[in-house]
Amino acid sequence: MNDKPTSPLALTVNGREVSAVVEPRTHLADFLREQQLLTGTNIGCEQGVCGACTVLVDGVPTRSCITWAVSCQGAEVRTIESFDEDETMAELRAAFTAEHALQCGYCTPGMLATARDIVTRLPQADEARIRLELSGNLCRCTGYVGLVRAIGRVLEARRQRNLVEA
Amino acid sequence: MQPSEAVDLAIPADRAAVPAVQGAVGSGLAHESAVLHVTGGAAYIDDQPELRGTLHAAIGLASAAHARIRRIDLAAVRAAPGVVAVLDAASVPGLNDFGPVVHDDPIFASDEVQFHGQALFAVLAEDMRAARHAARLAEVDYEALPALLDVDQALAAGSRVLPDAQLRRGEPEAALAAAPHRLAGSVRHGGQDHFYLETHIAYAIPQEDGTTRVHSSSQHPGEVQLQVAHALGVDAKDVVVECRRMGGGFGGKESQPGQIAAIAAIGARLTGRPVKLRLDRDDDMVLTGKRHDFRIDWEAGFDDDGRLLAVRFMQATRAGYSADLTGAIADRAMFHADNAYYLEHVDILSHRCKTHTVSNTAFRGFGGPQGLFGIEEVIDAVARHLDLDPLAVRKRNYYGLGERDLTPYGQKVEDNVIAELTAELEADCDYAARRAALRAWNAASPVIKRGIALTPVKFGISFTATHLNQAGALLHVYTDGTVLLNHGGTEMGQGLFTKVAQVVAEELQIDVSHIRVTASDTSKVPNASATAASSGADLNGKAAQQAARKIKARLTEFAAARYGVREDQVVFRANRVHIGNAGNGNGTATGKPGAPLSLSFAELAKQAWMGRISLSATGYYRTPKIAYDRETLSGRPFYYYAYGVACSEVAIDTLTGESRVLRTDILHDVGRSLNPAIDLGQVEGGFIQGMGWLTSEELCWSADGRLTTHAPSTYKIPAVSDVPEIFNVRLWERGFNAEDSIFRSKAVGEPPFMLALSVWHAIKDAVAAAADYRVTPQLNAPATPEEILRSLTEARQRDVEPPAGATA
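Residue numbers (UniProt numbering), protein chains in the order written: chain D, 1 to 166; chain G, 1 to 808.
Hints listed in this document are in silico derivations from the structure and should not be mistaken for laboratory results. Any given hint could be a false lead.
With the C-beta cut set under 10 Å, the calculated list includes, among others, these residues of chain D facing chain G [unchecked claim]:
no.: 1; residue: LYS4
no.: 2; residue: ARG16
no.: 3; residue: GLU23
no.: 4; residue: LEU38
no.: 5; residue: GLY40
no.: 6; residue: ILE43
no.: 7; residue: GLU85
no.: 8; residue: MET89
no.: 9; residue: CYS104
no.: 10; residue: PRO109
no.: 11; residue: ILE130
no.: 12; residue: LEU132
no.: 13; residue: LEU134
no.: 14; residue: THR142
no.: 15; residue: ARG161
Here a beta-carbon is modelled for each residue, glycine too, at the ideal position from N, C-alpha and C.
All chains, please: the whole structure from these sequences, using the hints.
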């Protein structure tokens, strides 16, 4: 594979500064999976519709399958592997497990990225809002019941704690 | 969406006094991979570390529906950057076929193309992008041949993949002629793409002495093993197929993975390098089979109360270009043409039409939903014709208890609980009052119309091919008391591995955390059936139970001999083994003959090993009682039936054709649940998937036979926003399998799918409301906005101008 144009890329992946060389058309999902060996990000449709590949780029849920890696120059990318110290994600992980918000698990990392965005950005979100915000992430197994319940449970717990602290 | 009620089923009396082990049968244990899934640690095939020299494959697809290939020029493909090799029909060392039943599925088409998107060749390249890019560069010269694209064309041409089949009972013609009322109709439903989130994938690794290991995302590794062996021209012993988990299957990975695995394996053998083939979503949707779409023509005779006196069905299904599993699917559609209703005089004619489209395959329900679709259409039409509540007509036609209980194929319905379920849900969801209120509401609402329907499901459990109803398991106990479990089933997210581990935990009375369930592997459990027909836990749970019981019996015998007690004085309970009259289990291991003592399971395992007792066992199970004659379509194909009922209320916008499900109530019988949380997930997920089939999931083909809905941008599976606003799902507390199934549970994978027919009939009810319930809507599935608008227009026209010659 010679003669292909390449571009230098410097970004932060899961808190680690990374310098790499990528082809201009390498998408972020492939960069993460093939070069960074972060295979927790799953590829479902490769056209930005199913949401399985959702990661956080500068804190914003992003379809990594239609995001060029080179467009993430200087960005901070977080994948499902990076949240072990993250309290919000810990709560979501526990809630997803307890509420059976997963079956085959293929959509789960993307769901969690979106879910974390919902609970941090929309602390007052009700069920209707959760459904609206989550509607860009497809799950073929669960019928979404456990997913909505898991996110609602974390939101409610956070609201309760804030009340207590206030 | 209201939270579903988590049901904690009562522990059976014989186990009630036993201190539970963690993950015991009946507990709502989380999915065995849940922690891996939420941390990104679950390895799908594409996530496994790639071996040195791995090549990536992509498939070159045909761009004609039916054509003779005059010439195919692959020079540009071969010359493309990164390309290492190109495979086509001539590259196949063995048999160029992956047909699971009939050998009519070429891995690569050579002379004749039989559908738009058929595989012509595969490219092996240094990376996936290079392979996919090169696969587009072939120049193919086609000589177009006449193409049959749908059921109507195939029926007219007499085109079939398999012979027609017919199932008759009684005197349907005479009973029809004598019936006080007669109706006839024709209705269609579409196919359905599985849309598993993980597309088809295989990773083939060449190994020493001509052997090959294939990682295949497959519900049927044993079949893939044979398909690969045939393609390579080697023996089954030379191929090992492994699958730890799939990112969804739904039937789409039953027969279809064979082609993907064979291509990877051929590439691996020819190049000596590992080959990975992961389909792009669009290629996956174009190349691999889907649910069978049906046209169902029917004729029914009935009395003034809506009781069916005679029914005739013509079921015509589009098989696509090859047989694949169509025979068994069309058979099951015939076996489910009755749903929960007694059909005394009945005639079911089944056409398995050959078309120049992708070969349709297994999909959750496997013909069952198609069969139910037909009879529910009949019931609804009868009720509307007589101006009766469709639910009343349904109940009137239910199979009886001890009478009116023989199915058209001669199996007696002995475990019928449909009337009980219906009564319970009808009361719970306040059906009658809501139906009355809804009619009043509609009268005052000119644009938005609401509809409601309560529909039953009865679904036969067992593979109709009797020989497939067997399973094996392999269980090792190590000297630290931990267990490694393997069985012939596969994990596609449905929780099979969790349930089978629970069965072993229960049998050995050890915490489930001490049990590891390992990847399905043809070298561990041979000749396993597909994980299909909802039978995974029924079959593999029993096989694993038998293996556990063998080990337990050996440990018991050993302990009794060593400690000088009777075997019935050796009791396994909550991670410990109580020997002698240990009573409270606090005794210590004195080693003195006859003294009561208690050992940990691990201590006993270690002692047994020291005593040279085998701690490894196989388990085997075959479903009893079933026997069925494929020639006459009669006998007992099913071990038992699963039942459920659902009530849905919808609203449609008569100006745009849009529909929404406002509320759904479900009561489903899973017997005595192995894991209520997992079962609830199956019911919820199956229902929503069925809703997709009947509402938003529309497969479209262009006039030249090209699938135009080949990605989620154009093919709409349900999103969370489509889930009923109120969604009450309950497992039936009194559920109990009348047959001796694994801990009296019932299969749950497929039956809930058909509960979505309640949504379908609620939509029809809403369409009927738009013409003041004076005409029976003609609606085909899926009920897209376009189809609802078409149906509304047609219904209103008929309402204004009744057809000439309309009968009573």
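Cross-check of the supplied hints:
1. LYS4: Holds. Min distance 8 Å.
2. ARG16: Constraint on ARG16 (chain D) not satisfied, violated at 16 Å.
3. GLU23: 8 Å, holds
4. LEU38: This hint holds: LEU38 (chain D) lies near chain G, its Cβ roughly 8 Å from the closest one there, short of 10 Å.
5. GLY40: 2 Å, holds
6. ILE43: Holds. Min distance 7 Å.
7. GLU85: 13 Å, violated
8. MET89: 9 Å, holds
9. CYS104: 3 Å, holds
10. PRO109: OK, holds: PRO109 (chain D) within 10 Å of chain G, min 5 Å.
11. ILE130: Holds. Min distance 8 Å.
12. LEU132: Cβ of LEU132 (chain D) sits 7 Å from chain G, so the hint holds.
13. LEU134: 5 Å, holds
14. THR142: Hint on THR142 (chain D): holds, closest Cβ of chain G at ~5 Å, below 10 Å.
15. ARG161: 21 Å, violated
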